[in-house]
Amino acid sequence: MSWKKIFAVIRREYLERVRTKAFWIATFLVPVFFLGYMAVQFAAIRKTSGERKVAVVDTTGKLAPALATELASREEAMKQKKPGSRGIHWIVEPRPVTGDMEKTKETLRKEVLDKKIYGYLVLDPELIEKDRAEYYSISVSEFVALTQLEQAINKVLLRQKIQDRGLPASLGKELERRVDLKTLKVTTKGTAEEKGAGIIAAIVFMVIMYMTFFMYGFQNLRGVIEEKTNRIVELVIASVRPTELMVGKIVGIGLVGLTQYMIWSLVAMNLSLPGIASIMAMGESGAPTIPLSMIGYFLLFFLLGYFLYASVYTAIGAPFNSDQEAQQLSMIPSMLIVGGMAVYPSVMNNPNGPVAVAASLFPFTAPLIMYLRTAIAEPPVWQIGLCIVILILSTIGMAWLAGRIYRVGILMYGKKPTLPEILRWVRYRPGKVLQPATPPAR
Amino acid sequence: MTPAIELENVSKYFGKFPAVDSLSLTVPQGVVYGLLGPNGAGKTTTIRMIMNITAADSGEILVLGSPMTRQMQNRIGYLPEERGLYRKMKVLDHLFFLAAIKEVPAETARQRIAEWADRLELKPWLKKKVDELSKGMQQKVQFIATIIHDPEVLILDEPFSGLDPINTAIIKEYLAEFRKKGKTIVFSTHVLEQAEKLCDEICLLARSKKVLEGNLRDLKRRFSKDLLHLLVECRPEEIAALPGVASSQAVNGGYVVALAPGTDQREFLRHAMDCHPLRGFSAKEPELEEIYLDAIRAAGIEETRTIE
Chain A
1 MSWKKIFAVI
11 RREYLERVRT
21 KAFWIATFLV
31 PVFFLGYMAV
41 QFAAIRKTSG
51 ERKVAVVDTT
61 GKLAPALATE
71 LASREEAMKQ
81 KKPGSRGIHW
91 IVEPRPVTGD
101 MEKTKETLRK
111 EVLDKKIYGY
121 LVLDPELIEK
131 DRAEYYSISV
141 SEFVALTQLE
151 QAINKVLLRQ
161 KIQDRGLPAS
171 LGKELERRVD
181 LKTLKVTTKG
191 TAEEKGAGII
201 AAIVFMVIMY
211 MTFFMYGFQN
221 LRGVIEEKTN
231 RIVELVIASV
241 RPTELMVGKI
251 VGIGLVGLTQ
261 YMIWSLVAMN
271 LSLPGIASIM
281 AMGESGAPTI
291 PLSMIGYFLL
301 FFLLGYFLYA
311 SVYTAIGAPF
321 NSDQEAQQLS
331 MIPSMLIVGG
341 MAVYPSVMNN
351 PNGPVAVAAS
361 LFPFTAPLIM
371 YLRTAIAEPP
381 VWQIGLCIVI
391 LILSTIGMAW
401 LAGRIYRVGI
411 LMYGKKPTLP
421 EILRWVRYRP
431 GKVLQPATPP
441 AR
Chain B
443 MTPAIELENV
453 SKYFGKFPAV
463 DSLSLTVPQG
473 VVYGLLGPNG
483 AGKTTTIRMI
493 MNITAADSGE
503 ILVLGSPMTR
513 QMQNRIGYLP
523 EERGLYRKMK
533 VLDHLFFLAA
543 IKEVPAETAR
553 QRIAEWADRL
563 ELKPWLKKKV
573 DELSKGMQQK
583 VQFIATIIHD
593 PEVLILDEPF
603 SGLDPINTAI
613 IKEYLAEFRK
623 KGKTIVFSTH
633 VLEQAEKLCD
643 EICLLARSKK
653 VLEGNLRDLK
663 RRFSKDLLHL
673 LVECRPEEIA
683 ALPGVASSQA
693 VNGGYVVALA
703 PGTDQREFLR
713 HAMDCHPLRG
723 FSAKEPELEE
733 IYLDAIRAAG
743 IEETRTIE
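Going down the list, the sequences are from chains A and B. Just so you know, we're using this note's numbering here: the first sequence kicks off at 1 and counts up by one. Just so you know, we're using this note's numbering here: the second sequence kicks off at 443 and counts up by one.
Just so you know, these hints were derived from the structure itself, not from any lab. Fair warning: there could be bad hints in the mix.
Stated by the list, open to error - Below, in silico cross-link-like pairs of lysine-lysine (DSS-like), each with a Cα-Cα straight-line distance of 30 Å or less:
{"#": "1", "chain 1": "A", "residue 1": "K103", "chain 2": "A", "residue 2": "K115"}
{"#": "2", "chain 1": "A", "residue 1": "K103", "chain 2": "A", "residue 2": "K116"}
{"#": "3", "chain 1": "B", "residue 1": "K458", "chain 2": "B", "residue 2": "K530"}
{"#": "4", "chain 1": "A", "residue 1": "K62", "chain 2": "A", "residue 2": "K155"}
{"#": "5", "chain 1": "A", "residue 1": "K4", "chain 2": "B", "residue 2": "K570"}
{"#": "6", "chain 1": "B", "residue 1": "K530", "chain 2": "A", "residue 2": "K21"}
{"#": "7", "chain 1": "A", "residue 1": "K4", "chain 2": "B", "residue 2": "K623"}
{"#": "8", "chain 1": "A", "residue 1": "K4", "chain 2": "B", "residue 2": "K569"}
{"#": "9", "chain 1": "A", "residue 1": "K21", "chain 2": "B", "residue 2": "K565"}
{"#": "10", "chain 1": "A", "residue 1": "K82", "chain 2": "A", "residue 2": "K155"}
{"#": "11", "chain 1": "A", "residue 1": "K416", "chain 2": "B", "residue 2": "K565"}
{"#": "12", "chain 1": "A", "residue 1": "K21", "chain 2": "B", "residue 2": "K569"}
{"#": "13", "chain 1": "A", "residue 1": "K21", "chain 2": "B", "residue 2": "K614"}
Modelling step: build the complete structure from the supplied sequences, incorporating the hints.
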């Protein structure tokens with residue numbers, strides 16, 4: 001290994017990539033898209049606003065006015081808590097039953113379709129007996145709006161029941177009180193209040209790691225193929241050993257990834273990531289603190305995972321002459337990366353459960369999952385250690401395999417090689433090049 | 443002096459097919475050495491084995507007296523047949539990169555790039571991207587890359603393929619200068635006329651095997667068939683009737699005459715001069731192509747491919 005030569009390759013890979021417009025566009029567009037997407041998502045959930053005119057068919061005869069009052073007072077309370085915020089303005093319109101219930105519903109159905117009302121609510125003693133109330137609307141998936149409505153109905157019902165039994169109204173107030181479940185994370189350093197922002201930051205970091213495995217892993221494949229199609233590779237191989245070229249390439253591209261992270265974190269620090277994170281923490285106020293260990297683990301698992309995936313992508317790129325040819329096989333690492341994302345919800349539910357442990361010891365899902373676990377729970381130290389050892393060993397193994405395929409593959413032009421052929425390259429052992437000459441056996 | 447390159451019984455198989463079959467050759471230092479043969483004869487494989495890009499299956503390869511090591515790699519300039527450049531790189535950056543992987547110090551690289559860019563009229567293009575260069579310009583960049591580290595031995599695989607006549611002339615001039623400095627040049631070609639003009643020594647390959655090797659002048663003498671070129675005006679029958687003529691062929695302004703074995707040249711010429719108005723004569727050397735065809739016939743290799 002000549003470090004001078006490897007350094008020259010790293011330098012080239014790094015500078016040529018960082019100098020492209022594509023790099024800067026990706027650097028600035030990814031966070032913009034990412035935050036934009038998150039913002040739209042949360043805005044859609046949180047900031048449902050506007051007028052909702054709801055007809056109420058109340059056959060109990062008592063609930064509708066109380067519901068109107070309750071909704072109005074909630075709105076008032078919201079305005080006082082957050083002045084200027086725009087919530088939902090409910091207009092409750094009591095409707096008598098004209099003719100029978102079915103006919104009334106039919107009339108209201110038409111009104112909904114004609115957009116005269118937003119929806120209609122049926123409060124019927126028989127239904128309420130079965131713990132039900134019915135709400136009809138074109139849009140029945142507005143999480144925030146429907147939650148408000150449901151809470152209001154329940155509150156009104158509760159008060160009504162208390163009144164019916166002749167109990168004091170203050171009891172109602174008493175019964176309405178709820179506790180908030182405050183989550184506190186137990187760590188070796190004591191307990192710290194977990195506001196949810198930390199967990200969300202961990203997930204955001206994991207998604208970033210996931211995306212960069214794709215982006216930069218795939219760049220290795222592209223780079224290898226590009227050198228082949230450009231026919232530059234043989235000129236380079238005359239000066240640099242294939243292994244050196246491979247290592248230089250992987251490191252150079254990895255550094256591009258780290259540079260991008262640096263830029264992102266600098267931008268985030270200046271644009272106050274805490275503010276963004278607190279939006280994402282669903283209105284929890286206060287800046288979340290991102291512990292240093294979270295960033296340390298992030299870099300560690302990013303690097304381990306990147307080297308592993310970069311080797312896989314290199315091995316896959318080397319035998320082929322075009323992206324298209326390599327496409328089929330490049331599905332394999334893509335699936336493995338996606339696999340890590342696929343198990344993450346169940347890891348969230350049970351961060352030290354069997355699925356979590358298995359996924360954090362399987363090398364291809366380990367970087368994402370072990371990172372997530374270190375961020376949201378305290379996995380046993382031996383597991384972290386074992387995971388790192390497994391990752392290092394499998395990266396070395398993969399790099400060895402990639403190197404073997406690479407040194408043969410980069411000089412193979414023409415026909416698309418088959419998988420058995422590629423496997424033969426791995427086993428291929430050239431005759432001892434420098435063995436003393438022997439007369440040919442004839 | 444240690445030979446520049448020495449191959450001893452080198453073989454390389456692709457599957458069951460021998461790409462190079464127990465090849466031995468010696469390239470002395472300071473010569474222009476041609477590795478000749480039709481496409482598929484094993485030239486590129488031989489060169490790649492010398493460069494240690496492809497490993498030989500058996501045999502020994504020595505470059506400047508030692509096996510091809512990392513240090514050796516930096517003393518050799520190599521121009522592959524399949525050559526390209528990083529298309530998005532700026533020419534200057536590219537040349538610096540190619541110098542860096544030969545471990546040329548940056549300052550030395552800067553001087554040499556400036557010098558060569560000047561000579562090859564590449565200066566206005568140094569800040570451009572490789573993409574923007576014509577094919578000929580790109581080839582100049584590749585040639586600079588092969589000599590940026592001032593190598594002792596140059597190995598060029600089909601250096602003239604795809605070059606226009608002007609660039610061919612430039613490259614030939616630069617090879618001549620290189621040789622004047624006492625350095626060794628090995629190049630492969632399937633165009634025998636080129637080799638004939640440039641080479642001191644040649645090795646002819648056909649069907650993965652060596653057919654002939656040696657000093658070109660010696661070979662020509664050895665394969666000379668006592669051919670005489672006569673400048674004379676007379677009828678073909680009259681030439682054929684001269685004593686000692688084995689065969690004759692009319693060429694521009696005269697005849698090429700092959701003498702029967704054992705015929706004394708001076709005796710024949712005196713006789714010819716007596717009978718006919720002879721304006722001039724010269725000994726006609728065999729062309730490389732004829733030597734080649736004779737050699738493969740003698741080696742018993744049935745060469746079905748035609749040579750260009």
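Against the structure, the hints:
no. : hint              : result
1   : A:K103 <-> A:K115 : holds, 18 Å
2   : A:K103 <-> A:K116 : holds, 17 Å
3   : B:K458 <-> B:K530 : violated, 40 Å
4   : A:K62 <-> A:K155  : holds, 13 Å
5   : A:K4 <-> B:K570   : holds, 26 Å
6   : B:K530 <-> A:K21  : holds, 12 Å
7   : A:K4 <-> B:K623   : holds, 29 Å
8   : A:K4 <-> B:K569   : holds, 25 Å
9   : A:K21 <-> B:K565  : holds, 26 Å
10  : A:K82 <-> A:K155  : holds, 22 Å
11  : A:K416 <-> B:K565 : violated, 40 Å
12  : A:K21 <-> B:K569  : holds, 18 Å
13  : A:K21 <-> B:K614  : violated, 41 Å
When each numbered hint is compared with the structure, violations occur for hints 3, 11, 13.
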